[in-house]
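Engineer: Each chain, letter by letter, is given below.
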Amino acid sequence: MARMKFLCDIERCIDCKGCVVACKEGNGVPVGINRRRVITINQGKPGEKSVSIACMHCSDAPCIAVCPVNAIYQRDDGIVLVNKDVCIGCGYCFIACPFGVPQFPKGDTFGKRGVMDKCTFCAGGPAPNFSEKERRLYGQNRIAEGKVPLCAAMCSTKALLAGDGDVISRIFQERVARRGSGTKAPGWSTAY
Amino acid sequence: MAGVANTWGYGAMTNSMNDIRHSKLVFMLGSNAAEAHPVALQHILYAKEVNNAPIIVVDPRFTKLAAKATDYVRIRPGTDTAFVMGLVNEIVSNGWHDKDFIQKRVAGFPEMVEVAKHYTPEVVEDITGIPASEVKRIARLLAIHRPGTVVWCMGATQHSIGSSNTRALCILQLVLGNMGVSGGGTNIFRGHDNVQGATDMCVLSHSLPAYYGIKDGSWKHWCRVWDVDYEWMKSRFHSKEYMNKKGFTLARWYQGVIQEDKISQYTPIKAVVFWGCASNSQSQYHKLKKALDKLDLVVIIDPFPTMTAAACEKDNVYLLPSSSQYESEGSVTSSSRQFQWRFKVVDPVHDSKEDYWIMDQMVKRFGFHDKFYKNIKKIPDDITRELCKGSLTIGYNGALPERIKKHTLHWETFDVDTLQAKGGPCDGEYYGLPWPCWTETHPGTPILYDISKPVAKGGLPFRARFGTEHTYWNGRKENLLAAPGVYNPGSEVKGGYPEFKDIVPGTNWKTDLSQKTIKVAISKGMAPFGNARARCVCWNFPDQVPVHREPIHSPRPDLIAKYPTYPDKKDHYRVYTKFKSEQKPELVKKFPYVLITGRMVEHMGGGAETRSNKYLAELAPHMYAEISTRLANNLGIRDGEMMWIESPEQGKVKVMAKVTDRVDDKTIFMPYHFGGMFMGQDLSGNYPDGCRPYAIGEPANIVTNYGYDIITQIQGTKEGLCKVEKA
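Order-wise, the sequence lines are chains D and F. If you read the first sequence in this note's numbering, its first letter stands for residue 704, the second for the next number, and so on. If you read the second sequence in this note's numbering, its first letter stands for residue 1234, the second for the next number, and so on.
There could be a bad hint or two in this list.
[To be verified] With a straight-line Cα cutoff of 30 angstroms, these simulated DSBU-like cross-link-like pairs (lysine-lysine) come out:
#	chain 1	residue 1	chain 2	residue 2
1	F	K1956	D	K748
2	F	K1887	F	K1959
3	F	K1847	D	K787
[As the list claims (entries may be wrong)] So the derived list for chain D, only partly shown, Cβ under 7 angstroms to chain F, looks like this:
#	residue
4	K748
5	E751
6	Q876
Since the hints were derived computationally from the structure, they do not count as laboratory data. C-beta atoms are modelled at their ideal positions from N, C-alpha and C, and glycine is treated no differently.
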């Protein structure tokens, strides 16, 4: 079975945030909730690099391990989803996640957190496929439609790859093999 | 674009975005494509990865594009010509120029070299701040990696010598022999998906559509196309003189109202219509606002209330809500000269109306409805049909609406590398029929001036536009037609030839509406516009060869003395325009920092649309100015604090400091997309209820300086001075 993965090629990501806006607009994510964001390091200096980050859909996901009510689960294709009918908004997953992925709506009285929201790999949620409820709670279900997630579909430089892990890692490997050869290979200018 | 058109015939991107995939080098000057043209980066990064092409980025600012460059060159704003002519000099003096190409297809080369000699690497270092060793190294890279492409945007053009900058870049490509080949060319990225289309339709004051100029002959040509009487058209104008006189430009129209500089028109301007135009993208905005408050009538036609709407404080404004691109239909022309059909997705929402409807209502009320729609029965197809029929100069005539739609609907059959369809209903044609598309069966011209293909299959020589012979200032006479042996395959004439005329007596290829002249030329395997040399010397320009001239407001008094600007120009698009009298060497003492502006990826143009989008406003909610760490520390300003920036024209803005080393210690950068604030004052109350954009801020253009190009009058927003203090 295919194992779904994201891969962001930092040599290609230009911090245009097309992925962020596509995700929010397409899934109706409220302002203040970020299923995906672009992180830039060394801004304005040589060595500036950007990377687009969302839920990594971990193989052995820490969020699943700590969830006290088993609201988070993993599909056979590796996509990690949350059942919003079950989630109690305790925030354990937020502490456990190494990438700061889980998001909680703010603003309720007594600091109460709403239920957790995160990247669904555009695979909707546990509600029936294409149902009104799925759309409202989780957004689009593009995987069920046979499409890649919106963020990767929108990527202007094809930096963000999404899909079957074997396929996207092959695409990435081919790219890397082509880079840094010829006149840009290390030592070229001194050796010839 | 004037500089480019005056070099080889057409003022447009010569190759295409996709063709950059074949480049062995990409030289980008005054472009931040990573933010302004993100999708183009796909092709640029492909060249970098697959061809090992050096990506050279020349910019005063370490932009997001620079972050993707292999070679970043920091240049002092307004000194591009000096740098590029320095590269030309270095290339020629090392003998790296393409001698065969120059001998056969270029005019005025020795005269140009004579001028370029002044720009030795050391002189270039003094003017531009780029080390002499870097000038040499970049020149060597350009010489080794051929064909390379040259890309520029507003960073090259928005200067008092903008038209010299563009010509210098064209000369660089001619010297390297990079013209008319795949992977080469001058790829000028336009700012929207239809800017090339807007330029082609000459939404400008100095020409009728398709660059016909504004003379009797041009009016007569278009009157024939529109099927209206020339005498009737003439009767609509104040006088014959004004019918043929260049109008005000976008950059300076407001002087026609406030008249700080003397105008040469019989009346001040009394009304203005903004149709999809953001006034906060014009420099010295505080003066433009004065004009808005003085006009009898301001009409704003836009899907969103713009900064103009908020800035008008007199009760003289009418807002007509028009539709977005998704709520309307029609043809557009992209940066790469490609036509595309925009299909309608939804009917206009809320109260908005299609532009066609608004135009129709206006024309009815003006009382010339019958004349306006003579050839137009079906909107928008017949509009495209009519404009294509008349635009023979740029070969729009082969782009019928049916063909454009077929291409857009079958885009997947075109090859991403060559843009040519492989099979399918458009087999052999190039995507979007890049103009010139000479006949109804012509495949389009993917690369301009490419003599390796027959004209009927998308090839072309350089255009014969500047006569057949010229005598230079040194007495040398040169034949301006291409040398013998330079011709497209299948050409009847095996060398240079002038443009086609008198096939239908009294007409030429541009005015023969039967299109017989064009068809005859194509059947002979020849270009309707002739086969000539590209010019290094433009004798109709004040600087025949591009030379450095200091910006109007320069931080280098010593260089003002050495490289002064032009004398003032009295009637420059109907308004007195100061050059020499505005260039004051002492200005830098009070205004010590250089001010540049540019784009950010989250917002677009004047920002009315993008700042009204909650997600984009969330990503970029604040107006800011970039200031270097050292300068911020010297002025006692911390990141996120507010500061005042003031221009020599008494414009001032209160903006947030973004402390970053993207800019150097002498430069301040601001994005120009904001509006809704004015010199510290919040204009939120001036928007109609519920229409205030989510993000508002000071328009950067309040502090952009005086200074305009000598040819085009484009505003010099990338080279002003300012002062900064903590708010």
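Engineer: Please go over all the hints and tell whether each is borne out by the structure.
Structural biologist: We went through each hint and held it up to the structure:
Between K1956 (chain F) and K748 (chain D) the CA atoms are separated by roughly 25 angstroms; this keeps the pair inside 30 angstroms, and the hint holds. Restraint check: the Cα-Cα separation between K1887 (chain F) and K1959 (chain F) comes to about 9 angstroms, which is no more than 30 angstroms; the hinted pair holds. Distance check on the hinted pair: K1847 (chain F) and K787 (chain D) sit about 25 angstroms apart at the alpha-carbon level, within 30 angstroms; holds. With a cut of 7 angstroms, the hint placing K748 (chain D) at the interface with chain F holds, because the nearest CB-to-CB distance is about 6 angstroms.
Evaluation of the E751 (chain D) hint against chain F yields a held restraint, the C-beta minimum of about 4 angstroms falling below 7 angstroms. Proximity of Q876 (chain D) to chain F is violated relative to the hint, the smallest CB-CB distance being about 13 angstroms (cut-off 7 angstroms).
Of the hints listed earlier, the one the structure fails to meet is number 6.
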